[in-house]
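Participant: Chains as they are written, first to last, in numbering that gives the first Met the number 0: chain A, 0 to 370; chain B, 0 to 370.
Treat the hints with caution; some may be incorrect.
Stated by the list, open to error - Just some of the chain A residues that point at chain B, by a computed CB distance under 10 Å: (1) Glu24; (2) Leu34; (3) Val212; (4) Glu213; (5) Leu215; (6) Ala216; (7) Thr249; (8) Phe269; (9) Ala270.
It is worth saying that the hints were derived from the structure and are not from the lab.
Think of the CB as a built atom: it goes at the ideal place given N, C-alpha and C, for glycine as much as any other residue.
Number of protein chains: 2
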Amino acid sequence: MPALTPPSRLLFGPGPSQVEARVYEAMSKPLVGYLDPFLYQVFDDVRDGLRAVFGTKNPYTLAIPGTGSAGMETAVTNFVDSGAKLAIFVNGFFCERIAEMGRRHGAQVVRAEKPWGEVFTQEEARAFLEKERPQVVAFVHGETSTGVMQAPEAITRPAHEAGALVIADCVTTLGSVPIRVDETGIDIAYSCTQKGLSAPPGLSPFTVSPRAVERLAARTTPNSVWYLDLKLLMDYYDGKKYHHTPPVSTFYALREALAAIMEEGVEQRFARHLKAHRSFVQRIEAMGLKMHVAEGKRLTTLNTPRVPEGVDDASVRKQLLDEYGIEIAGGFGPLAGKIFRIGVMGPLATDPNLELFFEAFGKCLTVHAAA
Amino acid sequence: MPALTPPSRLLFGPGPSQVEARVYEAMSKPLVGYLDPFLYQVFDDVRDGLRAVFGTKNPYTLAIPGTGSAGMETAVTNFVDSGAKLAIFVNGFFCERIAEMGRRHGAQVVRAEKPWGEVFTQEEARAFLEKERPQVVAFVHGETSTGVMQAPEAITRPAHEAGALVIADCVTTLGSVPIRVDETGIDIAYSCTQKGLSAPPGLSPFTVSPRAVERLAARTTPNSVWYLDLKLLMDYYDGKKYHHTPPVSTFYALREALAAIMEEGVEQRFARHLKAHRSFVQRIEAMGLKMHVAEGKRLTTLNTPRVPEGVDDASVRKQLLDEYGIEIAGGFGPLAGKIFRIGVMGPLATDPNLELFFEAFGKCLTVHAAA
Numbered sequence: 000m001p002a003l004t005p006p007s008r009l010l011f012g013p014g015p016s017q018v019e020a021r022v023y024e025a026m027s028k029p030l031v032g033y034l035d036p037f038l039y040q041v042f043d044d045v046r047d048g049l050r051a052v053f054g055t056k057n058p059y060t061l062a063i064p065g066t067g068s069a070g071m072e073t074a075v076t077n078f079v080d081s082g083a084k085l086a087i088f089v090n091g092f093f094c095e096r097i098a099e100m101g102r103r104h105g106a107q108v109v110r111a112e113k114p115w116g117e118v119f120t121q122e123e124a125r126a127f128l129e130k131e132r133p134q135v136v137a138f139v140h141g142e143t144s145t146g147v148m149q150a151p152e153a154i155t156r157p158a159h160e161a162g163a164l165v166i167a168d169c170v171t172t173l174g175s176v177p178i179r180v181d182e183t184g185i186d187i188a189y190s191c192t193q194k195g196l197s198a199p200p201g202l203s204p205f206t207v208s209p210r211a212v213e214r215l216a217a218r219t220t221p222n223s224v225w226y227l228d229l230k231l232l233m234d235y236y237d238g239k240k241y242h243h244t245p246p247v248s249t250f251y252a253l254r255e256a257l258a259a260i261m262e263e264g265v266e267q268r269f270a271r272h273l274k275a276h277r278s279f280v281q282r283i284e285a286m287g288l289k290m291h292v293a294e295g296k297r298l299t300t301l302n303t304p305r306v307p308e309g310v311d312d313a314s315v316r317k318q319l320l321d322e323y324g325i326e327i328a329g330g331f332g333p334l335a336g337k338i339f340r341i342g343v344m345g346p347l348a349t350d351p352n353l354e355l356f357f358e359a360f361g362k363c364l365t366v367h368a369a370a
Numbered sequence: 000m001p002a003l004t005p006p007s008r009l010l011f012g013p014g015p016s017q018v019e020a021r022v023y024e025a026m027s028k029p030l031v032g033y034l035d036p037f038l039y040q041v042f043d044d045v046r047d048g049l050r051a052v053f054g055t056k057n058p059y060t061l062a063i064p065g066t067g068s069a070g071m072e073t074a075v076t077n078f079v080d081s082g083a084k085l086a087i088f089v090n091g092f093f094c095e096r097i098a099e100m101g102r103r104h105g106a107q108v109v110r111a112e113k114p115w116g117e118v119f120t121q122e123e124a125r126a127f128l129e130k131e132r133p134q135v136v137a138f139v140h141g142e143t144s145t146g147v148m149q150a151p152e153a154i155t156r157p158a159h160e161a162g163a164l165v166i167a168d169c170v171t172t173l174g175s176v177p178i179r180v181d182e183t184g185i186d187i188a189y190s191c192t193q194k195g196l197s198a199p200p201g202l203s204p205f206t207v208s209p210r211a212v213e214r215l216a217a218r219t220t221p222n223s224v225w226y227l228d229l230k231l232l233m234d235y236y237d238g239k240k241y242h243h244t245p246p247v248s249t250f251y252a253l254r255e256a257l258a259a260i261m262e263e264g265v266e267q268r269f270a271r272h273l274k275a276h277r278s279f280v281q282r283i284e285a286m287g288l289k290m291h292v293a294e295g296k297r298l299t300t301l302n303t304p305r306v307p308e309g310v311d312d313a314s315v316r317k318q319l320l321d322e323y324g325i326e327i328a329g330g331f332g333p334l335a336g337k338i339f340r341i342g343v344m345g346p347l348a349t350d351p352n353l354e355l356f357f358e359a360f361g362k363c364l365t366v367h368a369a370a
């Protein structure tokens, strides 16, 4: 096999997003064993950093040894007992995935539905939850399939009134958008490392509120998935008992990505991403294109402009990748061919990088509009 | 947070084991997206390399996005339907873990038991399986808790006679010990990246025989774990349908570790490890120590000499780590305090490295024998 020589990409897709050199460097540092005191320092740093970006004091904060979808499965399998009622707010692809996992774990899944690209109001959520009285509620904070951001309080307040725990999918928001877990009352939040945190994929940040921990402790049946059993995972990360051998190098990377975020300042980082998003929208509108999602409901880290009439989005994406090394994504499901999905995250959320992106994007659009 | 500066360890424990510079380098190469054509080349290289080390032509060969225990859970959840009979050959810690996963997934678990450190003969296996007639049989090829290697044929032949599929845990053998999946008739084998393959932890190599694929295709209930659903995973790795965002950097590392193995030659690598094991045993016996496992039944990549009478193994291990930067492990369960667990894998499986190890080990033993 010849040497590994990945092409150099500018990752403007929905993730994995661009990673800084210092994070790659951290990942190439020597491994230590799964009980090494040094690794436990890394775990502590990671826990501190994750608390800062989640906006929580939850002691129960960790990173699950799998990708973001492993975090989703961890949330479902630990908090949805077989037979429990799970209410899901469905307005995109990833809410469907939660529903699918709920069904597989034997939950009674009930759904509130909206078209892809819309959000739920507190009144709508309240009406639904008062009727259904579920034990657990799930929603997606930043829907990667549509570019929508759901305000957490619209869900958490009526859910708590109904006595339910709230699971929030923060896969596309953590690290670049405020979540404020404690303030908004999210009980269980999970994410990934490869979007807003600007680290490589492979871990799923996770946090659990004290009331959800109580619910977990009261659970009498073991959850069906040993690998994702939160009690066993926490015992290992607390240094009490061996569970699995963690992806050490990926922990190094996550730790370094979080260190970079702390250096920049969490609030400063959020502000930089918001500014980049606004600049993105301005440029899109200046080109005569339209955003799919209404203002005020947009996921600021993943933008979804509509594909102009008569343009084949796959050709635009292919040219961007082949000629400019720029990755963006297309829509899928009901939005296939109708939107572009363009991530502006981490080191790419700056004006010079947007400049660079729009130059290439504009050229490719022109070519394929003319064709 | 200060810069990340892991201590430099010589990893003579049960894993993670030592990783070569070229693998670390590969991991620090730039990420590409989860649908990037380059990533699919990496997947192909990984698949080819895994087939060579597993000793199989199985088309269904891949790496699961989690650690070795995720591979174990994948085997159990995909091939053990709720209510199915799962027979386990129990002679150590990791067989117990398979049994635990089986119970959680609703299987009817039956056990053949032996003391920690012994193996099963074909006659013993046949008697047990003829009586039990299970649908699925599981055993551990190399038991990390005891240092025992179970001959696969002793299990696979009687299992096939009884019409059962065979799951083999190859976590501590893949890449450094021959498994010969096709020849021995193993149906489902899983492993990790961080032992015999000399890559960092984070992926679980996995292979499935055509007859097991048939059984999987005939399954009518979806398995309960979406994240570890083999059908969905294979569709993604075959380029048919998105499932999760894989740990790209860990795939780079695994690909490079496999490239290094191909360069050395798979059989040459196996021979080098066997030679290092023999040299290890000679040196141990020359010191007057005894191996816990009888000759001919030893796991050649993880050696388990007995702790000499009057020596506190924890003190020896601590001094080795603190003064020499050498990691080894102790026994646990019924073998706590009774054995050392010393891995001789990958770049450390050479005479100069053994020389270095034994100099430090001898000194620490002398100090703590005198104390």
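Participant: Hints first: check each against the structure and report whether it holds.
Facilitator: Taking the hints in turn, this is what the structure says about them:
no.: 1; hint: Glu24; in the structure: holds (6 Å)
no.: 2; hint: Leu34; in the structure: holds (8 Å)
no.: 3; hint: Val212; in the structure: violated (21 Å)
no.: 4; hint: Glu213; in the structure: violated (22 Å)
no.: 5; hint: Leu215; in the structure: violated (16 Å)
no.: 6; hint: Ala216; in the structure: violated (18 Å)
no.: 7; hint: Thr249; in the structure: holds (6 Å)
no.: 8; hint: Phe269; in the structure: violated (19 Å)
no.: 9; hint: Ala270; in the structure: violated (21 Å)
Of the hints listed earlier, those the structure fails to meet are numbers 3, 4, 5, 6, 8 and 9, in rising order.
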